[in-house]
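> Based on the hints, put chain B in the right spot on chain A.
What follows is each chain in one-letter form.
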Amino acid sequence: MIEVHDLSKKLKKNKVLQNITYTFEKGRIYGLVGKNGSGKTMLLRAIAGLIIPTEGSVTINEKVLHKDISFPPSIGIIIENLQLLPQFDAETNLKILAAIKKTASLEDIQHAIMRLALDQFGTLKVRKYSLGMKQRLNIAQAIFEKPDIILLDEPTNAIDEKGVERVLDILKEERERGATIIIATHNKDDVFPICDEVIQISNGRLI
Amino acid sequence: MIHFRNEAFILFIVALIQYVYFMNDRLAHSSFPFLDGVPTPVNYPHLVTYLMGWYISIAASSFILLGHISDSLVDYGKYIILRGKSRFSWLMSKVIHMWRVVMVLVFSQLIATIFFQTILDSDPVLELTHLFEGILFYVLTIMAILSIQMILELYMKSQLAFILTNCYVLLSITIVEGFVQKKVLFHVFFPNLSMSFRNGMMANPTLQETIGQLHELGLFLVVIILFLLCLSVIRIKKIELM
Numbered sequence: 013m014i015e016v017h018d019l020s021k022k023l024k025k026n027k028v029l030q031n032i033t034y035t036f037e038k039g040r041i042y043g044l045v046g047k048n049g050s051g052k053t054m055l056l057r058a059i060a061g062l063i064i065p066t067e068g069s070v071t072i073n074e075k076v077l078h079k080d081i082s083f084p085p086s087i088g089i090i091i092e093n094l095q096l097l098p099q100f101d102a103e104t105n106l107k108i109l110a111a112i113k114k115t116a117s118l119e120d121i122q123h124a125i126m127r128l129a130l131d132q133f134g135t136l137k138v139r140k141y142s143l144g145m146k147q148r149l150n151i152a153q154a155i156f157e158k159p160d161i162i163l164l165d166e167p168t169n170a171i172d173e174k175g176v177e178r179v180l181d182i183l184k185e186e187r188e189r190g191a192t193i194i195i196a197t198h199n200k201d202d203v204f205p206i207c208d209e210v211i212q213i214s215n216g217r218l219i
Numbered sequence: 302m303i304h305f306r307n308e309a310f311i312l313f314i315v316a317l318i319q320y321v322y323f324m325n326d327r328l329a330h331s332s333f334p335f336l337d338g339v340p341t342p343v344n345y346p347h348l349v350t351y352l353m354g355w356y357i358s359i360a361a362s363s364f365i366l367l368g369h370i371s372d373s374l375v376d377y378g379k380y381i382i383l384r385g386k387s388r389f390s391w392l393m394s395k396v397i398h399m400w401r402v403v404m405v406l407v408f409s410q411l412i413a414t415i416f417f418q419t420i421l422d423s424d425p426v427l428e429l430t431h432l433f434e435g436i437l438f439y440v441l442t443i444m445a446i447l448s449i450q451m452i453l454e455l456y457m458k459s460q461l462a463f464i465l466t467n468c469y470v471l472l473s474i475t476i477v478e479g480f481v482q483k484k485v486l487f488h489v490f491f492p493n494l495s496m497s498f499r500n501g502m503m504a505n506p507t508l509q510e511t512i513g514q515l516h517e518l519g520l521f522l523v524v525i526i527l528f529l530l531c532l533s534v535i536r537i538k539k540i541e542l543m
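Protein chains in written order, with our numbering: chain A, 13 to 219; chain B, 302 to 543.
Pairs of lysine-lysine, DSBU-like flavour, derived with a Cα cap of 30 Å: (1) K379/B x K79/A; (2) K539/B x K25/A; (3) K47/A x K379/B; (4) K538/B x K24/A; (5) K27/A x K538/B; (6) K158/A x K395/B; (7) K146/A x K395/B; (8) K538/B x K22/A; (9) K458/B x K140/A; (10) K379/B x K38/A; (11) K539/B x K22/A; (12) K458/B x K146/A; (13) K379/B x K27/A.
Residues on chain A that point at chain B, a partial pick, calculated with CB under 8 Å: (14) A60; (15) L62; (16) S82; (17) I87; (18) I89; (19) L97; (20) K113; (21) Q153.
Bear in mind the hints are in silico, worked out from the structure with no lab data behind them.
Note that CB positions come from ideal geometry on N, CA and C, so glycine has one too.
Isolated chain A, as found in the complex (with noise of 0.2 Å):
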């Protein structure tokens, strides 16, 4: 469960995010949806940890982040479109990856490099993919850990219609697993049909 109370977030004389509380459950998928600037992509920041709150906290199953712990425990995320190393192919990224944390077997890998439908260009390399399987990857490498949390920024940005359902799928058998899954954009229509709540985002405000 992610507890964020009262967040505020200033970047020099702009507040950017402005006394958001809020509790995201367990098991369910939220759409987090406003204008370009709105505060979606901070929020993400704000809840993985990649940013100091101003005010207020995010609490990731008690543990206040920034106090407790640095970062969330069991955390996948796509944020603003960061590429993966261009001179590998995608099972070699995500080895590399895994390596880390070592959670993920070499099984994980490549089943969520099949459920992405990348298993078809073998060992080319990332450099030579397009922005829509640079994309699918992006999300490989934020479900193949199989983690508790997931945030996707604009998860479905480049990729094609039919993309896009096998993404949505992706994420309705994450969601049956546990997950929890945090989806920020401002193209609602895509990730409506899945979310269990919406969220209204604007001038760094829940409305």
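Okay, now just chain B, sitting in the frame of chain A:
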């Protein structure tokens, strides 16, 4: 792992180039010229020639670690940090990598020196009286320089941190030359401390009394490295991964 192998290969090539550079000059140097540094006082053309030889390896290690901290924090490193235990352990892994780079550099320089001297069977112009201390100070000095680059990268862009660090190194060598009798300046501009010409480890006793006891120099460099590490730990705990 593959990345580190590439770095090690580049450092080995740098060590070879550096030794070839020392072979071509006609200036005085010891059996281990990479430890010698820049003598003082020396005229400007000689200063540049000695400085070039000494600086090649410093610049190479600094360049190899360009963005080692800051680029990781703003890009792919987020995926790694989020899977790690803490910001502290992430920083420690980076520091360990810096040590590995420095050790590979110095080992490559030693191998290149011994290899070429065995082939050429050349007699050194001057003896180096304290080889172990020379290597130790050299390693500590490079680590201290790279630690400056590390802390700067936690506050600014990697390119700016690289330029500032290297400007400090070059300035520290050239600016101190006029103040050889001022011991404190050798400590403020600490890259001088590793230089055998300047600290008396070379069989050139003129400056030995200026710099003082050798173990004090080593301790001073260790304190600098630990101080910069502490500052980096404090900073990494507060830094935001935007």
